[in-house]
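Keeping their order, the protein sequence lines are chains A and B. For the first sequence, the residue numbers in this note's numbering are 16 to 170. For the second sequence, the residue numbers in this note's numbering are 16 to 170.
The hints are simulated quantities; they were obtained by calculation from the structure and are not laboratory data. Hints may be right or wrong, so weigh each one.
Copies of the same chain look alike in the list, so a pair counts if it works inside one copy or between any two.
Claimed, not checked - Pairs of lysine to any residue, SDA-like flavour, derived with a Cα cap of 25 Å:
| no. | residue 1 | residue 2 |
| --- | --- | --- |
| 1 | K153 | R35 |
| 2 | K153 | D38 |
| 3 | K106 | N84 |
| 4 | K106 | E77 |
| 5 | K105 | S52 |
| 6 | K153 | D33 |
| 7 | K153 | R46 |
| 8 | K105 | Y34 |
| 9 | K105 | V128 |
| 10 | K119 | S82 |
| 11 | K153 | Y34 |
| 12 | K105 | R35 |
2 protein chains.
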Amino acid sequence: MPRTSTKAAAPVRRLASDYRLEDQVGFLLRRAYQRASSNLVDRIGSYDLTAPQYATLARLYERGALSQNLLGRLVAMEPANIRDVVLRLKKRRLVATRRDPTDKRLILIDLTVAGTALVEQLIPIELACTARTLAPLKADERRVLYDLLGRLAEG
Amino acid sequence: MPRTSTKAAAPVRRLASDYRLEDQVGFLLRRAYQRASSNLVDRIGSYDLTAPQYATLARLYERGALSQNLLGRLVAMEPANIRDVVLRLKKRRLVATRRDPTDKRLILIDLTVAGTALVEQLIPIELACTARTLAPLKADERRVLYDLLGRLAEG
DNA sequence: CCGATATTGTTATGATCATAACGATATCCG
DNA sequence: CGGATATCGTTATGATCATAACAATATCGG
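Please put together the full structure from these sequences, using the hints given.
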C-alpha cells in the first residue's frame, strides 16, 4: 500500500491569519449533509432513488396532490429543479400529473398506487438512516441540533 | 397579487404515521446548507466565485501547493469534481498546475499571485458571511452547533 | 527483481442545484 | 372592464455532486 499521500509541498503560512476553513459554517454544513445523504443513498440506493426524489415522494405522501410549484417549495427546490425530479418520477410511474381544472397554470402532482406503496416501504428505512446519521449524538443533543438547524434555515 | 397558492387538493392522511420530512436530519441539513451557501454567494457572487471554488482557494492559501487529489479530500470533493473546479480556476489564472518531479502521477496545484490576492480580499467577506449565517444563534449556541456538526460529519 | 496491489488522475453518465429570461394564465386595482 | 402586476411552468446555461470504469504510475511483498 503506497503512502497515504502527503507528498505535496510543505505547508506555507503566508499571512498571519486566524482564518480556517473548518471554522466556516457553510463548510461544516456541506460535509454533514454529505454524510447524511450518503447514509440515505447507501440504503435506498438499491431502489434507484436519490435523497431529493425520496423527499418529493414523502412530501406527496404527507400532503396529497400538490401543484408542481408548491411541491417544489415544500421540498426546498427551485421550479426548474422540481420539474426535472417530477419528470423522472413520472417516467417511472411513481407519480402522475394532471392539469388543475380551475387554474390552467397549475400542474397537479400526485402519487400513483405504485408510488404510495414504495413510500410506505421506504419510510421505515429512512427513519433508520436518520437514526444512523444521528448515532454519534445523545438524545438531548439531537433535540438541540434540530432547534439550531431550524433557526439557521429560517434565517 | 394572486393568492399564494394552496389551491391543490386538500391534505390526505393516508396512513396513521408519525413520519414528517421535517424530522429527518438530512432534510434539515440540506436547507441549512442552502441558506449558508446563498449567504455566501450573495456576497462573493460578484467575484464570479461559487462556494466550492472559494473553499478550494482558501485551502490552497492555508496549505500551499497540494496534489489535486489531496486538495480534493481537504475540501470534501471527489476526484472527478475537484478536477473540474481546478480546471475552471486555472482557466481564470487563479491557480497554476505543474507535475510533481518525484511522482509522475501527481499534479501539484498552487495559487497564482492573482489567486492569492483574491483570497486575501475574500477572507474578510467570508468571515462576515459566516457571522451573518450564524446571526440567529447566540455565541454559546454556535459553539454547540460546531461541535455537533463536527461529530456528525466524522460519523 | 517482479507480480500483486494501491493511488492518481481521467472519462463518461446521470442527477442536483441556482439563475435568468420567457410565454401563458390569473389576480389586482383604478 | 382593462392594464399593471404576480404566479406558474418552461427553457437554457453553467456548476456541483456521486459513481463506475480505465490507464498510468508507485509501492509492497515474496
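Right, here's what the structure says about each hint:
1. Within a single copy, K153 and R35 get their C-alpha atoms only as close as 28 Å, which misses the 25 Å cut-off; across copies the closest is 21 Å, which meets it.
2. For a Cα distance limit of 25 Å, the shortest separation of K153 from D38 qualifies both inside one copy, at 23 Å, and across copies, at 16 Å.
3. Taking the shortest Cα distances, K106 and N84 sit within 25 Å of each other inside one copy (19 Å), while across copies they are farther apart (37 Å).
4. For a Cα distance limit of 25 Å, the shortest separation of K106 from E77 inside one copy, 22 Å, qualifies, whereas the shortest one across copies, 47 Å, does not.
5. In this homomeric assembly, K105 and S52 come within 25 Å of each other (Cα to Cα) only inside a single copy, at 23 Å, whereas the closest approach across copies is 30 Å.
6. Within a single copy, K153 and D33 get their C-alpha atoms only as close as 31 Å, which misses the 25 Å cut-off; across copies the closest is 21 Å, which meets it.
7. Proximity of K153 and R46 under a CA criterion of 25 Å is satisfied in both settings, with 20 Å inside one chain copy and 23 Å between copies.
8. Taking the shortest Cα distances, K105 and Y34 sit within 25 Å of each other only across copies (24 Å), while inside one copy they are farther apart (47 Å).
9. For a Cα distance limit of 25 Å, the shortest separation of K105 from V128 inside one copy, 12 Å, qualifies, whereas the shortest one across copies, 50 Å, does not.
10. For the identical chains of this complex, K119 and S82 are intra-copy neighbours only, at 11 Å inside a copy versus 55 Å across copies, given an alpha-carbon limit of 25 Å.
11. Taking the shortest Cα distances, K153 and Y34 sit within 25 Å of each other only across copies (21 Å), while inside one copy they are farther apart (30 Å).
12. With identical chains, the CA atoms of K105 and R35 are at most 25 Å apart between copies only, with a shortest distance of 23 Å across copies and 44 Å within one.
Checked against the numbered hints given earlier, this structure breaks none of them.
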